[in-house]
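A.B. asks: Listed below are the residues making up each chain.
There are 2 protein chains.
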Amino acid sequence: MARPTSKDVAHAAGVSQAAVSLVLGDKWRGRVSERTAQRVRATARELGYRPNLAARSLRLGTTRTALLVVPALTHDFFARVYTGAARIATTHDFGVVLYPSPEGIGPAKDPFASARTALDGVIASSMAAEALTAIRGADLPLVMLDSDPTDPTPAAHVNVDLADGMRQATEHLLTLGHRHFLHLAADVDSWTFHVRARALAETLSTTPDATARTAPAPLAVHEARAAAEHALTAPGPRPTAVICDDDIIAAGACKAARRLGLHIPHDLSITGFDDLTLATAVDPELTTIRLPAEHVGERGMEALLAVLDGRTPAHDPLPVELVVRDSTAPPPP
Amino acid sequence: MARPTSKDVAHAAGVSQAAVSLVLGDKWRGRVSERTAQRVRATARELGYRPNLAARSLRLGTTRTALLVVPALTHDFFARVYTGAARIATTHDFGVVLYPSPEGIGPAKDPFASARTALDGVIASSMAAEALTAIRGADLPLVMLDSDPTDPTPAAHVNVDLADGMRQATEHLLTLGHRHFLHLAADVDSWTFHVRARALAETLSTTPDATARTAPAPLAVHEARAAAEHALTAPGPRPTAVICDDDIIAAGACKAARRLGLHIPHDLSITGFDDLTLATAVDPELTTIRLPAEHVGERGMEALLAVLDGRTPAHDPLPVELVVRDSTAPPPP
DNA sequence: ACACCGAGGTTTTACGTATAACGTCTGCCG
DNA sequence: CGGCAGACGTTATACGTAAAACCTCGGTGT
Numbered sequence: 001m002a003r004p005t006s007k008d009v010a011h012a013a014g015v016s017q018a019a020v021s022l023v024l025g026d027k028w029r030g031r032v033s034e035r036t037a038q039r040v041r042a043t044a045r046e047l048g049y050r051p052n053l054a055a056r057s058l059r060l061g062t063t064r065t066a067l068l069v070v071p072a073l074t075h076d077f078f079a080r081v082y083t084g085a086a087r088i089a090t091t092h093d094f095g096v097v098l099y100p101s102p103e104g105i106g107p108a109k110d111p112f113a114s115a116r117t118a119l120d121g122v123i124a125s126s127m128a129a130e131a132l133t134a135i136r137g138a139d140l141p142l143v144m145l146d147s148d149p150t151d152p153t154p155a156a157h158v159n160v161d162l163a164d165g166m167r168q169a170t171e172h173l174l175t176l177g178h179r180h181f182l183h184l185a186a187d188v189d190s191w192t193f194h195v196r197a198r199a200l201a202e203t204l205s206t207t208p209d210a211t212a213r214t215a216p217a218p219l220a221v222h223e224a225r226a227a228a229e230h231a232l233t234a235p236g237p238r239p240t241a242v243i244c245d246d247d248i249i250a251a252g253a254c255k256a257a258r259r260l261g262l263h264i265p266h267d268l269s270i271t272g273f274d275d276l277t278l279a280t281a282v283d284p285e286l287t288t289i290r291l292p293a294e295h296v297g298e299r300g301m302e303a304l305l306a307v308l309d310g311r312t313p314a315h316d317p318l319p320v321e322l323v324v325r326d327s328t329a330p331p332p333p
Numbered sequence: 001m002a003r004p005t006s007k008d009v010a011h012a013a014g015v016s017q018a019a020v021s022l023v024l025g026d027k028w029r030g031r032v033s034e035r036t037a038q039r040v041r042a043t044a045r046e047l048g049y050r051p052n053l054a055a056r057s058l059r060l061g062t063t064r065t066a067l068l069v070v071p072a073l074t075h076d077f078f079a080r081v082y083t084g085a086a087r088i089a090t091t092h093d094f095g096v097v098l099y100p101s102p103e104g105i106g107p108a109k110d111p112f113a114s115a116r117t118a119l120d121g122v123i124a125s126s127m128a129a130e131a132l133t134a135i136r137g138a139d140l141p142l143v144m145l146d147s148d149p150t151d152p153t154p155a156a157h158v159n160v161d162l163a164d165g166m167r168q169a170t171e172h173l174l175t176l177g178h179r180h181f182l183h184l185a186a187d188v189d190s191w192t193f194h195v196r197a198r199a200l201a202e203t204l205s206t207t208p209d210a211t212a213r214t215a216p217a218p219l220a221v222h223e224a225r226a227a228a229e230h231a232l233t234a235p236g237p238r239p240t241a242v243i244c245d246d247d248i249i250a251a252g253a254c255k256a257a258r259r260l261g262l263h264i265p266h267d268l269s270i271t272g273f274d275d276l277t278l279a280t281a282v283d284p285e286l287t288t289i290r291l292p293a294e295h296v297g298e299r300g301m302e303a304l305l306a307v308l309d310g311r312t313p314a315h316d317p318l319p320v321e322l323v324v325r326d327s328t329a330p331p332p333p
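Respectively, the protein sequence lines represent chains A and B.
Here the working numbering is used: the first residue of the first sequence is 1, the next is one more, and so on.
Here the working numbering is used: the first residue of the second sequence is 1, the next is one more, and so on.
Simulated from the structure, these hints should not be mistaken for lab results.
One or more hints might be untrue.
Here are a few chain B residues that face chain A, going by a calculated C-beta distance under 8 Å [stated by the list, open to error]:
no.	residue
1	N52
2	L53
3	T74
4	Y82
5	H222
6	K255
7	H263
8	T277
9	L278
Derived Cβ-Cβ restraints for the label pairs, each shown as a range [claimed, not checked]:
no.	chain 1	residue 1	chain 2	residue 2	range
10	B	K27	A	D110	52 to 58 Å
11	B	S16	A	R29	26 to 32 Å
12	B	D151	A	D110	50 to 56 Å
13	A	H92	B	T91	32 to 38 Å
14	B	R290	A	A226	33 to 39 Å
15	B	D267	A	D326	42 to 48 Å
Taking beta-carbon pairs under 8 Å as the criterion, some of the chain B residues facing chain A (in silico) [unchecked claim]:
no.	residue
16	R45
17	A55
18	T63
19	T117
20	A251
Glycine is no exception: its CB is placed at the ideal position from the N, C-alpha and C atoms.
Kindly generate the complete structure, drawing on both the sequences and the hints.
C.D. replies: Below you can see the structure in the form of structure tokens.
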């Protein structure tokens, strides 16, 4: 038999469709007798009834579904953001649908077509640039992750204290004695990375003899390795510490150092950012800045629920943490 | 204004709702004049009309949406499977919704509740064990990835020639001269890994003096490192080659070797499986078996579309490839 | 005696879409 | 001149659900 509807259940239980809807929707107190409710529930289970979600959301005008827009699935920061968002969502009978930025997928880059369902709101990383224009035009409640908090377009912002993270990383290296830095900056035009650059510059400005160069690097190990190798062999004094915008870039920098015969951390210190699983998979394990990824996801979902509820979400930035491992040491004498 | 409906468009364009539906659904040949069609399309664009997907799928009884069930998002094999599946899907006006196995997400482990939309079919990895029981009970078209092809429950299977992969890895090491092996087997009860174990045993059985031990290892770098360290320090002759069920385990094995003061590949050879991005992010880069991940996704989606279409999908296994890098060498003398 | 009420339901309606079934008008053939 | 076939639409309906509005009937307070 085809999938049973509430009408089928009603018929089998000898009641009206409305009664089924009331019972299964838990709105039957004082409207349906306990005995009838039992019978309806039993019949529904027996027939394997599952409500038609399309019909339900058509009726209710809501889907209790959020879209989570991320730049890439392989970047496990976002996998963790998803986990956090999904945890909060499920406790509020909400769903989360992922929209990974569609590199190489094909022509249909429409996040909404991809979601295949109506949406109640969107949570988006500022790194998923191409998807954002479509999203902004859809006047859905939008929560931005790590984007410029002064931008008034989104309904809410969730920010991590990235500036503090970059400051901590830099001061860690300054304290170790480093003065000549190379900043491998992610070649992505996103606020996340602009903040890092600014915080780095500000922190170094307090130490008169500190110098820094900057080189762009892609967010992929081998491409970052090439960029790092190029930057490290450029003319002029060689930096003693490399500050990377992301652990992926740092992993590339490590590979570059090894190819140049530099020992880490003895000859060259390297810091990452994000504390991905990659950070402890490579050798040496990376000194990095740990971001509360799951917490970001939780906050994002909470913020969206608050907005949908007419409340004002929290907006204080989440704290970060310096994790010192084996990729940093005092500079060579 | 609230989101416009087809009725709003119809009113604004001075036609009936049916005409709007015909024009926008591209079914207007000989039913609506070219001029009216133009006007309707212009009005729809002007109002920013987007069809209500809930209403559409209620009417049509289909959602053109597949659920892709994967064990974990961080495992980039599945990120690539998704990419392939999504590519095929978009060219057929289909959507793909991801359901990552819900470790740590919370109580609601129902894949269908999570999808928040009706589904036309499911593509599932055999590794997502907990989700599978729910899926099998839902009598939706099911395509299994890397599961036992003799299992008649799924409507279709997509298989990679894993046995051949394991055979190639093993023969590579045999050719290099290795005779004492350690097999770090993923501690997941899935066909994917059973096949590897069987193929390894069969391949070794052709070489009389080859010996192998097996130790289980979790699919996470540090846990695998611990397992590898334990297995490598066990009493008895030390193996000269470690065959891992997955690159993640191999990365852990590399870490273990380093802690034991063993140089790779000089003192110990290690092979991975899958050719994840991790395989070339670690040092030394891993000799591994490359699986056609995107192709698996494409095949999976094609198979599902075929099943929905009443056709019989292809079922020959996809070929794999040995990639020799820096983690394997002849055994020490 | 009668209005009133609550328990225990049922009937009806609306959500937005796609499409089958049904007009209407114009031109044209027999 | 009758009718008939496109061309160009419109009207009506169904999809499955949730919930508002309505009905019936046995008590109950006054």
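A.B. asks: Give a verdict on every hint.
C.D. replies: Do the hints match the structure? See the list:
1. Checking N52/B against chain A: minimum C-beta separation of about 7 Å stays under 8 Å; hint holds.
2. At a threshold of 8 Å, the smallest CB-CB gap from L53/B to chain A is about 6 Å, leaving the interface hint in force.
3. Interface hint at T74/B: satisfied, since its Cβ lies 4 Å from the closest Cβ of chain A, which is below the 8 Å cut-off.
4. Satisfaction of the interface hint for Y82/B is found here, the shortest Cβ-Cβ separation to chain A being roughly 6 Å, below the 8 Å cut-off.
5. With 8 Å as the threshold, the beta carbon of H222/B comes within range of chain A, its nearest partner Cβ sitting at about 7 Å, so the hint holds.
6. Here the hint on K255/B is kept, as its CB sits about 7 Å from the closest CB of chain A, short of 8 Å.
7. Proximity of H263/B to chain A is violated relative to the hint, the smallest CB-CB distance being about 12 Å (cut-off 8 Å).
8. With a cut of 8 Å, the hint placing T277/B at the interface with chain A holds, because the nearest CB-to-CB distance is about 6 Å.
9. The interface hint given for L278/B holds, since its Cβ lies 6 Å from the closest Cβ of chain A, which is under the 8 Å cut-off.
10. Checked against the given bound of 52 to 58 Å, the beta carbons of K27/B and D110/A, roughly 22 Å apart, lie outside it.
11. Take S16/B and R29/A: their Cβ atoms lie about 44 Å apart, and the range 26 to 32 Å is violated.
12. In this structure the supplied range 50 to 56 Å is violated for D151/B paired with D110/A, their Cβ-Cβ distance being about 37 Å.
13. Roughly 36 Å separates the CB atoms of H92/A and T91/B, a value that falls within the hinted 32 to 38 Å.
14. Between R290/B and A226/A the Cβ separation comes to about 22 Å, which falls outside the hinted range of 33 to 39 Å.
15. Here the CB-CB span from D267/B to D326/A is close to 21 Å, at odds with the stated 42 to 48 Å.
16. Interface restraint check for R45/B: the shortest CB-CB distance to chain A comes to about 12 Å, outside 8 Å, so the restraint is violated.
17. A distance limit of 8 Å between C-beta atoms decides the matter here; for A55/B the minimum to chain A is near 5 Å, and the interface restraint holds.
18. Nearest Cβ of chain A to the Cβ of T63/B: about 6 Å, under the 8 Å cut. The hint holds.
19. Hint status for T117/B: holds, given a least beta-carbon distance of 4 Å to chain A, under 8 Å.
20. The restraint placing A251/B at the interface with chain A holds, with a minimum CB-CB distance near 5 Å, inside the 8 Å limit.
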